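Build the complex: two chains, separate frames, hints provided.
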Amino acid sequence: MNSNSKRLAKGGRIDRGRPLEFSFDGSKLAGFQGDTLASALLANGVSLVGRSFKYHRPRGIFSAGAEEPNALVTLGTGGRREPNLPATMLELGDGMIAESQNRWPSLAFDLQSVNGLFAPFLSAGFYYKTFMGPTRRAWMFYEHFIRRAAGLGKAGMEPDPDRYELRHAFADVAIVGGGPAGLSAARAAANAGARVALIEQDFRFGGQLLSERPGSEANAWLEALGIELRGLGNVDLMARTTAVGIYDGQVLGLVERRDHAQASGRVRQAFTILRAGAIVFAPGAIERPLVFSNNDRPGVMLASAVRTYVNRFAVLPGRRAVVTTTNDGAWRTAFDLAAAGAQVTVADLRATLAPALQAEALRLGIAVRPGTHIADLRGGRALNAARLAGSGAETEVDCDLVCVSGGWSPTVHLTSHLGVKPVYREDIDGFAPGPLAGGQFGAGSVVGGYTTAEAIETGHRAGIEAAAYCGKTKPVPAALQFQSTDLPAAAFRGVPPARGKAFVDFQMDVTTGDIALAHREGYQSVEHLKRYTTLGMGTDQGKTSNFPALSAMAALRGATIPETGTTTFRPPYTPVAIGALAGRAVGHHLKPTRRTPMHDWHIANGADMLEVGLWMRPYFYRGAGRDVNEAYVAEMRFVREAAGLMDISTLGKIDVQGPDAATLFDRVYANGFVKLPVGRARYGVMLRDDGVVLDDGTTTRLGEHRFFMTTSTAKAANVLSRLEFLLDTAWPDLRVAVTSVTDEWAAMSVAGPRSREVLAAAFPTLDVSNEALPHMGLIGGEFDGRALRVIRLSYSGERAYEVYVGASAGEAAWRRLIEAGQPFGLRPYGVEALGALRVEKGHVAGPEIDGRTTLDDLGLGRMVGKRSGFVGDVLRRRPALAEQDRQRLVGLTCVEADARLSGGAVLFKQGETLKGHGCGRITSVTYSPTLGAYVGLALLAGDVAMGDEVVAVHMMKNEAVRARVVSPVFLDPQGERLHG
Amino acid sequence: MLRIDCPCCGPRDHDEFRYGGDASIIRPAHDDPDFEAWYRYVFVRRNPAGSHREHWQHVLGCRQWLIVERDTRTHSIASVALARKPAPRKSAQ
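Note that the protein sequences, when read in sequence, are chains A and B.
Taking the UniProt record's numbering, the leading residue of the first sequence gets 1, the next gets one more, and so forth.
Taking the UniProt record's numbering, the leading residue of the second sequence gets 1, the next gets one more, and so forth.
Hints may be right or wrong, so weigh each one.
Cut-off 16 Å, straight-line C-alpha distance, at most; resulting in silico cross-link-like pairs (EDC-like, lysine to aspartate or glutamate) [unchecked claim]:
(1) A:K915 with A:D856
(2) A:K866 with A:D666
(3) A:K715 with A:D733
(4) A:K866 with B:D31
(5) A:K591 with B:D15
(6) B:K85 with A:D733
Covered by chain B, per the in silico footprint, the following chain A stretches (three or more residues, Cβ under 8 Å) [unchecked claim]:
(7) 34-46
(8) 866-873
Please keep in mind that the hints were generated in silico from the structure rather than gathered at the bench.
Keep in mind the model is a prediction, meaning the values are calculated, not measured.
All residues carry an ideal CB built from backbone N, CA and C; glycine is no exception.
With the rest of the complex left out, here is chain B (with noise of 0.2 Å):
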């Protein structure tokens, strides 16, 4: 079982969330009307033996999406954090 060190709710078992795949591909814009830029988002994965990028909900806790580094061999995790960037914010005056 897997636990997951989520930046909002701290380490929870990954029973609480969701695999969301691939995280190391880029989502082509939405209005993009290439179709083999569409092909490989959905249908084209490079399934790595050892250190993976993948997207993660937490579905029963914050459910924000994360990225959550993995290595596929050994189920160990290297890195968490949101899928999210933060909004840069104004600093206060």
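Bound conformation, chain A alone (with noise of 0.2 Å):
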């Protein structure tokens, strides 16, 4: 089954005993155990994995790393199919099923790849230029086909199977990076006696040193530092792990993946918040190419990323190779290449070359050309040749691999997360992290320490002073060293001009000549140039273009690197999938729900039910009508003339006890309370201290020092919230205290004409009459041994009680009025019903209360008298808050008859032009079976007088309706329901 070519015969971190098989565009193909998807697509000799972006131009795998832009392929089917993943980060697994993307009909054969012959109308700005300004009609059509066009993977769009999880870590020392100096940190940071986290993106840590040839000392020293770490007990060793952001407080955003294990039901990605008392940066460096006329050929790779898969993944990308680089470092892979078998070119830009260099060199054969560098390569979806330019005359070399080594750019994303910009320096000729804030150290060659030996060095010394942080401080034994083989790279200027097609940014298309239009045109600082060619926008985030591209700026402005400056990092460092955010918080479990203590009962006598906040409320009942708009007026038709019964746990209730508990009130609410007698109930209103009202709600006296307050549904968490601010910070000296009893109590309200006979049914042993319960007159008792409060309140205009009970007694009570109530033709209502009672009085509710509108604008001036020195008073005084023609409370009615009326439509004038916002709005609509008409309350400008024509217009409905200004008091307006 093995078809792979490009391996070679030993060698390699792969389990040759432990092949997996995977697919490819449909074809079967085969890798290893330790293999990548990248890895063993090179080994099974797939050169091809993708088109690009804007032109369709064949791409290959450049990299072995996170910094990858071209080889992104779709990862599973179905459900499960995830876009846009680099093929270089996805640990192999057995049946795995990967798609290469933007291509069509298939990679071989691209129609679009025409676009490469339109590329001069595709440059920078192009879509700006073209589809916006004057010609913005021509964006509306076009937009559909260029979406098709230029883009990545598609998403999935059944729902996702898999799970995915959020935890929550801690540690003393979390280690960003498991390379040499992530390792070298970890190991003396436990040895302090720190508990240690170490992240690790790669399945295997090592970082860099797994790239060493097999059998180096590095493996070695690998092998040991493992043992010595998995030995100490104290160190969390976390592969496969993104460290995607870091946030306020040492608090890193961590993703782990788990592709290769892949199993209905497991847990897919895990989305870890790690607190941590100090962090260690040791993210190591990313290497940067070199910006050459068709250096975005398949068969171009990073140096670097060639000798980790010779070494790692025992892979041979091509026969016949030429190394272009800057730097010592990439003639390691020219050695390791032809060690493997291969025909090695090194084309050095620099004109003197260290002897032991070129003496290693001709001792494997390898031919040298200092002083060049590649001009331009020929090829298509293959190489065939590069064209070495430079020092003597332009010569063409066979090739079908390119190595490119421009040198290597710290990490610094991660400590730029919180706004350290990086600073540019001179020795590396490339940005390191700026100053670290406490507790924050870096180590290895983010901090510029290139060589392993300072890798280690520099690990070893931030973990024991990030170990210090914590107030570890046990002592460490000395850095574990070990003779490496380095070459390091050595800061190099001088790179010359790209001509012809030269890429900088393979994901998002973007080349030298983008950037030159982009200066031409004025767009000169790195956000803008960054904004105008979309540079480092795709989802490799510029990894490996940020540099190039910053140089070619600096040179076209005549400018320093540092004057260029660089764009800001923000998180996630990689893409993270959104189901790993969401975790398990997905579908019914995205928020908590609450439920009354009824809502059993509910579901079983067919109430459908409606999410009010957390809430779940019955929104009418199945029984009452086929439809909501069927049975919230049979509904309201049997509260007005029998009896209902409603759930209203979810009202705020709060408890309010202390001698000065009245005085609260009486400063809280705009209307008085000091003299409200024990064993009554206010309706009171709040405001907020510029003027406006906040709340409504009722407050029963229990007892001298003893308050139970109700608030809206909405408003309990926010009113509660805000008594306590005042007691605490404005008001110590009120010797009150208050509570949340919201769950405490059940709360139902029985309404209508018939209501008192039903209590009376339903509890025998209290005395309901007018006498002894009046409106707004409480009693106490017990049910099932609860404790029992009814209030005679009234929110529908009938008369009515409400029954709180402990909540654990809440459904026992209700079916005990329920039974009780048949013989008087009680049924329950829903909400949808007691928002329609509501309208038909005039009471106002949330859609009037919406943070605009006053007392006066309510209505309810009245109430508050000549009364000051309450929370709101002095600022609802303002001149524009009692202007007179500010939009006021009435009520609406049709003009003519079967005419309805619609929430949310805007009033105007009579003989007013029907257009913008009008003289008011229809805030609450309902049928009135009573009337036999639609009524609604409206906000509408003072100088509408009552009996005027407005015309009612709901835009999204396109319909227009004459309404009548009438009194927001629809029914019973002088409130003889309530009484007697």
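Put into structure tokens, the structure is as follows:
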């Protein structure tokens, strides 16, 4: 089965005893345990893996890490489909199904690659210039086609069957990066006594050391470190885990991938919020490409990546290689390629080369071309030849592999996430982390320590310092060093400018020509350059393109690189699946669900439930009608004619105790409470400090020093917090304690002309006569051994009682009322009917108390009288809030019989053009079975008089209805139904 | 993510808290009729780049209102105290 044509006969960190099968674009291929998808593809001789974003140019695997710009694949099928994953980061798993992206109809034959012929028209700013501005309409038309042509992978449309998890973790020292610096830091910090979390995005620890030749000293070092770290017991080795962001308070966001072990029901990705005492950054560095004509052809790879494929994965990506470099480091790729049997040419930009390098090259039969670089490449879907230019005449070298190295860029992403700007360093010709905050340390090549020995040493020191920052200072053995064969990358300036189509950003198809165009057109700041050319805006976020682009812009401007600056780095470091962020908070678990004690009864008795905030409330009962419109009218009717029962447990309930409780209410309510007698309830309205109405509710005085307050369902949390704020910060002298008792009490409202009879039948021991329990009165009792309170309050305008009982007895009390009420015609009603009943009575609720209305706007000004000294009193007198033409609460009826009003309709005066904001709007609407017509509440400009006619326009329903302005109280204006 | 060292509950994640605005401004007395004073209290803020005294409530914990001294540039927290001064205790005899 094994067709690994490019696999070396031996070597590599792969388990040849464990072959794995996978498919790529439908072909069955094979790899081994220990491969990445990228290494397995290369082993199978697959060099073309994708088409580019804009020009649909053929592209191959470019890197061996998270910086991969080209080899993006879609993994999985159906609901598991996940697009835009770099093949270089995917641990090969048995049965893995991968597809290439952005090609049509197939990878090898792509119709849209003709875009390359139109390239001059697709340059920087093309979309803006063509489709925005005067030709905006054209954009609307073309967008559909452009989106399909230029794009990445497509997500699946089916629900994801897998599970994701959110975890919280803690550590003294978190170490980002498991290369030599990170491992050395972990060893030091752990020996000092710190609890260590070592985070590595690869499935193996070792970083660049994994790319050393098998049997090297690096290998022995890695094994020794691994054994020691596992033995210490205080090191959490987190492989396959990427630190995607750093947040305030030493918090890291980590994503762990488990693609290799795909099985139904298993956790596929876990997002960890890691809270650390100190952080060591050892993320390493990313190799820079070189920019030359056609440098994006499949077969062009980063030199270090080629070395990784040869040594770690035992894959020889090409047999005739050109290594083009500016530094010593890439020579090791040439040596290892030659040792593995490839024919190698080194084109080094430097004219003078170290004799040791030349000697080793001679020994291995490597052709050396000092002072040269690649000017152009020949080939299409595969490479044919490289044209070398520089010293001497231009020559062509046959090749099927080009290894590029323009030096290295420290991985400064994470250290920059908290707003620390990276700083340019002359010695490494690159950006290193800026000054780190307390408790944060850098180690290894991210701080310019490009040799293994430096990485181990700086890691060791950072580990000790980080542990000490957390108070862990046990003596630590000396750093464990070994003799490495490093050839570090020295900084080199003087890369000649590229000609032809030379790519800077492979993923976004940005060329040197685009940068020059942006410069000519005035987009010279790096942030403008980025947005104008889309440079660095791909899923790889420009990990390989950032520095070459800056250099190019700096050269065009005649400025230095620090003057040119760098763009802002933001989380996440690599793309994060939404599923990982959501964890288990999906579907029904997206937010908590609050259920009242009578919830099960509602479900069992045909209630259609409605989410109100977090609460589930009965919307209407199926017994009353087939749909909500039929049901709510029927439910209103039996409340008006007999009796109804409503679950009002969701109301906010606050227990208020203390000698100054009455004073507290006197200050927070706009109307007075000091004189409220014990055993009586009062309706109260609360203002905000700025004089706008906050909420309303009722408060009952249970005793001299004890009150029971209710708030609207929506504002319960705000009101409680507000009371606590005032008591803690403004009025600490008031001796009052407030406690939420919302969940402690079940509450139900019995409303309707026969409500008293129902109550008397249900609770025969209670005296519910008008004398004992008048309107706004209270009686207490017991039900089922639980406390019972009956307060005579009405929201519907009917004689009504609010029955409060200990939550555990809620359902029993409800059942008792339902049974006892049967002979009197009592039936349950839902929130739609409740809302409609209050509209008929002109009672304001959420749609009217909308954070903009004042007491006078709502017709509640009379309640206050001449009082002062309550919250919001001074600022409610602002002149603008007292203007006569402010919109205020009115009622509306239809002028034409059988017409209907719509909530949200905009009101216009007669004769006014039906455009704009009009002079008001309808806030609440209901059909009134009592009046046999639609009625509505509205906020309407004060200069429209009672009896006038207005036009109610609902833009979305495309309707205009004539309405008459009337009193908002449509029913029983004298309130006679409440009393007696 | 901030961690706030609640005097009652210890260091807790800021998810458990509710932000309550500038704590350096003094609320006028409840019966103070001075319009300017109320105007300044409700609408006028300094918005400093640096140390900022602010109110936070530990809503998912002890529900105490706290005064947190936070640097608006770095999010580092210099101090956390109860907004309500504890009543002076009578010394036990």
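Structure-based check of all given hints:
The straight-line distance between the Cα atoms of A:K915 and A:D856 is roughly 28 Å, outside the 16 Å bound, and the hint therefore fails. Only pairs whose Cα atoms come within 16 Å are accepted, and A:K866 paired with A:D666 is accepted, the gap being roughly 13 Å. Restraint check: the Cα-Cα separation between A:K715 and A:D733 comes to about 26 Å, which exceeds 16 Å; the hinted pair is violated. Distance restraint check for A:K866 and B:D31: the Cα-Cα separation of roughly 13 Å lies within the 16 Å cut-off, and the hinted pair is therefore satisfied.
About 15 Å separates the Cα atoms of A:K591 and B:D15, which keeps this hinted pair within 16 Å; it holds. Restraint check for B:K85 and A:D733: the C-alpha separation of about 10 Å stays at or below 16 Å, so the hint holds. A stretch counts as covered by a chain when three or more of its residues have a beta carbon under 8 Å from one of that chain; for the stretch 34-46 of chain A and chain B the count is 0, and the coverage is violated. Here the stretch 866-873 of chain A counts 4 residues with a CB under 8 Å from a CB of chain B, which clears the bar of 3, and the coverage holds.
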